[in-house]
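Fit chain B to the known structure of chain A by using the hints.
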Amino acid sequence: MTYKKLAQDFLDTANVSIGDTVIIEKENVSYQGILLDRSGDSDDEYIVLKLDNGYNIGINIVNAKISLIEGGDKPQINYDNINITKDDEKEDILIISTGGTVSSIIDYKTGAVHPVFTAEDLLKSNPELLDLANINVKALYNILSENMKPEYWVETGKSIAKEIESGVDGVVVAHGTDTMHYTSAALSFMLSSPVPVVLTGAQRSSDRPSSDANINLINSVGAAKSDISEITVCMHSTLDDGYCDLHKGTKVRKMHTSRRDTFRSIDNEPIAKFKKGQISSINTNSYIRRNEKELDLNNKIESKVALIKTFPGITNELIEYHIDKGFKGLLIEGTGLGHLPDYMINSIERANEEEIAIVMTSQCIYGSINMNVYSTGRKLQNAGVISGYDMTPETAYVKLAWALGQSENLKEVKTIIETNIAGEINKKSSIKHFLN
Amino acid sequence: MNWNELGLKMGLEVHQQLNTKNKLFCPCPTELINEEVDTYIKRILRPTQSELGQIDRAALQESKRNLKFDYELYYNQTCLVETDDEPPHDLNEEALDLAITLASLLNMSIVDEVHTMRKQVIDGSNTGGFQRTSLIATSGHLETENGKVVIENLCLEEDAARRVNNDKISNDKIDNDKLDNEEKYTHFRLDRLGIPLVEITTDPSIHDPEQVKEVAYMIGQVLRSTNVKRGLGTIRQDLNISIAKGARVEIKGVQDLDLIPKMAELEVERQLNLVKIKEHLEKNNAEVLEKIHDLTELFANTSSKIIKSAETVKGIVLKGFNGIIGLEVQKGRRFGTELSSYAKKRGVSGIFHTDELPAYSIESNEVEKMKKHLNISPEDAIIIVAHDNDTATAALEEVIKRAKMAFDGVVEETRKALKEGTSEYMRPLPTSNRMYLETDIPLFKIDENKIIDIKNNLPELPEAKKERIIEKYNLSEDITIQLVRRQNVEEFEKIKSEVDIDSTVLGSFLAYNLRELKREGINTKIITTNDLITTFKLLEENKVSKDVIVDIIKEIAIRKDKKQDSQINPENIANDLNLLLLSEKNIANIIKNIVLKNEDMVKERQLGAMGPLMGMSMKQLKGKADGHIVNKILKEEINNLIK
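Protein sequence lines, in the order shown, are assigned to chains A and B. For the first sequence, the residue numbers in this note's numbering are 1 to 436. For the second sequence, the residue numbers in this note's numbering are 1 to 643.
Next up, chain A with everything else stripped away, as it sits in the complex (with noise of 0.2 Å):
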C-alpha cells in the first residue's frame, strides 16, 4: 500500500482497499470504480481510481465521501505457463536477465516503468523464442543499468562462465541499455569464451505494443547460435522493425537517448546483421569462431576509478580530489586529439608521481588520439599520461578499472591498456568507420 497520510485515513473511513470497487461521492459528482495504486512520491490528497470505461482519473479526497461496493484483488499481471520442452536437435541458450527497459513493466505502484520482471516472465511475453532454441533463464540482478557498479560486472561475469562450463551453447544477457556498453565491454576484457556472449536490451519499455524488445531478444538469441563468439551488443539498426545490428562489445556506444536504433559501434562497422533470429550478411570476417578459445574468466577489478571530462574552465582541484581520495586510476576525455589545458600539467604531474594511471581519450568520441601534434600533447605524454588510441572513454575507463585489476605496478598496467586485448584498439581507421 503506498497511499499516504490523508489519503490513507480516508480509505481507512470506508475500510477499502486496492483493488475494491467503490463509489466516491462529491458535490456535484460521483466516480464508481476500481481504487488502484499510486506514486508514492506523489501528493496524499488524491487517490487513483479507474472507472468501468477503462479510464484512470485522480480525484482529491478533500469534501468527498468514499464507500465500498465490491471488495476485489489487487490487480496482477499473468501469463498463461508455456511448457518448454527440450528439443535435442536444438541449441541450448542462456537468458540472463539483470533487468532494464528490455525486462521491466509498468510498476502502478511509482506508475512508472521498472524492472520487476523475471526472466522467466521475459520468456512468456515472448514465447517465440522457443522456437529458435532451447531457452533457460536466469535472472541475476532487476536493477535498471544507471545502477549497475563494477561489482556487478564481476558477478555477471561468474555466472556466464559457470554457464559455459556446464555446457550452454550460447548467452544472451538482457541489460538496460543506459549502461549496456560499459557491461559488455567489461565482458569482453574478463572473459575469453567458447562460445557467444550477447548483450540485448530495449529503447521502449516491454508493455508496449511497438517495444523493440521482442525483436532485439530474437536477433539475440540467433546471434548467440551463430559462430561469432565474441561478447556483443545486438540491437536495432534502423528505425525499422527488421534488422538488428551485431556489434562488438568494446567498439559500441549508446548514441542517442530514445531512438530504438541508438547503439552504434564507433571507429568500427558492426560485425554483422540479424533478422528473424538469422543472420542476413557478414561485415567482416575478423571475429572470433565459436570454440576458437578457451574459457577463461579473469574478473579481478579496481573500482577505485574515475571518469573526468576536460572543459573550458576546469581546474586542478578536480584531480587533486581523485589524488586525495585515494583513487587508482583516472580516465580523461580530453578535447581534440587528447588534450587537458596546460595549467593542469602540474596535477597531472602528481598524479604520476602517487602512483596513479591516466588514461586519455578524446570527448570527440570518434577517432583515436594523438598527443603528438601539440606541444600540450607532449607535456602530458611528459608527464605520464598513458594513450587510449581510438578507445571509447567508456571501454578505455572499462579497461583502466581492469588492467588495474590485474597489477598495480604502473609500467604493466601502461603496457595492458597500449595493448589490443579484445578489439578494442583499432590502429587503422577505415573512411567507413565514421557516424555509420
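Keep in mind that the hints were calculated from the coordinates and are not lab data. Errors might be hidden in some of the hints.
Coverage of chain A stretches by chain B, computed from C-beta distances (three or more under 8 Å per stretch; other residues unrestricted) [to be verified]:
#1 46-58
#2 201-215
#3 295-302
These numbers come from a predicted model, not from an experiment. Here a beta-carbon is modelled for each residue, glycine too, at the ideal position from N, C-alpha and C.
The following block gives chain B in isolation, referenced to the frame of chain A:
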C-alpha cells in the same frame, strides 16, 4: 417501428479535431500534409497485457492478422514522438483548455487530475500500438426539444495516423529490400497522428433516433463555437445501438446526421433478423461442425475461374443452416454477408455457400458432389473458401466462430457505416482491458482557478449569438444565420463598431457577396477585416455607392493575390476603376448637358420628361452618382429650362 416496445437504446460518440497550434504531445503542426513524403519506416506490433492482467479481445483480433506497417513521414513536419522513438512531451495545455471549455459548455464536471491512458490499438494506426487518451470530464447534459440528454464523458485524445494507399512508392522500397519482398505492408502517414481530438460521448440510453440526430447537431454547434478544425474528416460520429433482445453495436463513421434515423431503423431490422435466425436455429437443432474439409479434388475440373486459380478449396458444414445463410438481415446484406465479413478479416475476398450455389460458374453437379461427399442432409448448409491452405483455414475458422455466435442472436461488434445506411463488421467491441496508464506523462492536476477562469470566458453558443445579433443590429434572421454559420459575426461586429453603415448592407455583403466572389474563383481569404473597414468607410463618406463595394473588394483581392500592390488603398482602387462618386457640380454639368440635348422633349412634356431623362442620366453616371442626387438635380435643371 415502435422504438419503445423494441427497447431501442442509442448513444452517440463525436470525435472532433481541435485547431491547436501543436499536436497533443509534440510540437509538430496539426495540418495534414500532401507533399511527397521524405522517408518511411517499417514496424510490427504485438499486443500486451494491460495493468489488470487481461489481453483486450479487439487487440488480439488485430494481432492475428499479423500485419506489418509502413509509416510515411516528413523530416520537418513530423518528429520522433510520432515514430515512437522519443517519449511524449508534456500534455498540450492549449488543447486541455479547449477540452475544459467544451466540457463547461456541455455542463460537465471536470476531473481533479488527468491521467493519460494508453488505449491499445494494434491495427497500425498508432505507431506505439496505443492511442493516448485521457478522461477530462463526466456527467454533463444538453437540453433538447425531446428532453434532457446526458453527456457521459469528454476525453482528450490523439488522432490516429492516416491510412494511405501508396503501394507504388512503397513497393519500390520493398523491392530494394528483397528479404521483405513477400511481406504485406499497410501504409500510414504520420501527419494526422497526434492531432488533438475531443471525444464526446452521450449516455447510451436515448430512445428516439430523432433525438440522437438533434443531439449530434447540438454538439456540433457547441464544438463550432470554439477553436476546432473545419472541413472533411475533422469530425467523426459513431453510433451505439441496441434493442432489448439484441446487443450493443457500435457503428463507426456516420457522415450524414440526416441518415441517423435510417441507420437506426436498418440496424434494428438487422438485430431483429438475427434474433429470428437464432430462434430458427434453436428450433432446427442446428449445429456448427468444426471440422474443416479439404474439397480441392472435387473441383479438379471446375469451370469457375476463382476456384481454379486458388491453391485449395476448403469447406465446413453448418447443420440445420439451410436457407439461413441466404436470408436478408439488412437491406442488401444477407446472413452470409456477415459470415463473409469475418472471413475477409483473414485475407480472403469472400465465401461461397449452398444457399446461393450453383452460381459463379460453380455447376450444380459440383454442388451435388460436394453435398454427397460431405454427407449432408437437406437442412444443412456448406460454406467453402478458395485460397491457399493457411488463409482458407484461418478464414473458415472465423466463419465457424461467427456461425456459432448466431446462437446468441446479436453479437457485440464494432461496425463500419456504409453509405446507404447499412453497416459492415469491423472488429469485436473493445473492452476496458485495452486501457492502461501512459507512464511517460506525469499526472496533471487541473487547477481550480483555471476552470473558473475558463468558465468566466466561455464562448457564446451559436443560438444565443444569433438572437443577440438580430436584436442588437435589427438584422434579418436569414442574414444572421448565414453570419453565425460562416463565423462572420466577429468581423461584422468589428466593422460595425468602426464604420457607420447600414447593418443589412454589411450583413448581406459578408453573408452573400463574399461567397459569390469565392465562387467566381476570387481568393477571398486574403481580404482582411481592415480592407473591409477602409472600403466601407468610402461608403460612409459618400465617396462611392453601395453597389460598387463588391467591385472594389474584388479588385483588392485580385491585386493582393498577384502581389501587385503592397499598399492597398480602396480609394485609389475605386478611382482606378472609375467608381468614385462625382461631385454635385460635375453631376450637374452632365445632367445639364443631357437636358439641353433633349430640349424639345422637355419643352413638350415638361416634368413628364423626368422618367426618360432620369434613365439616361443614370446610364451615363453609372455607379458614380447617387440616384437621389441625380433626381434632385435633374428636377432643378428641367425647371430651369421650362421657366
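List in ascending order the numbers of the hints, as given earlier, that are violated by the structure.
3
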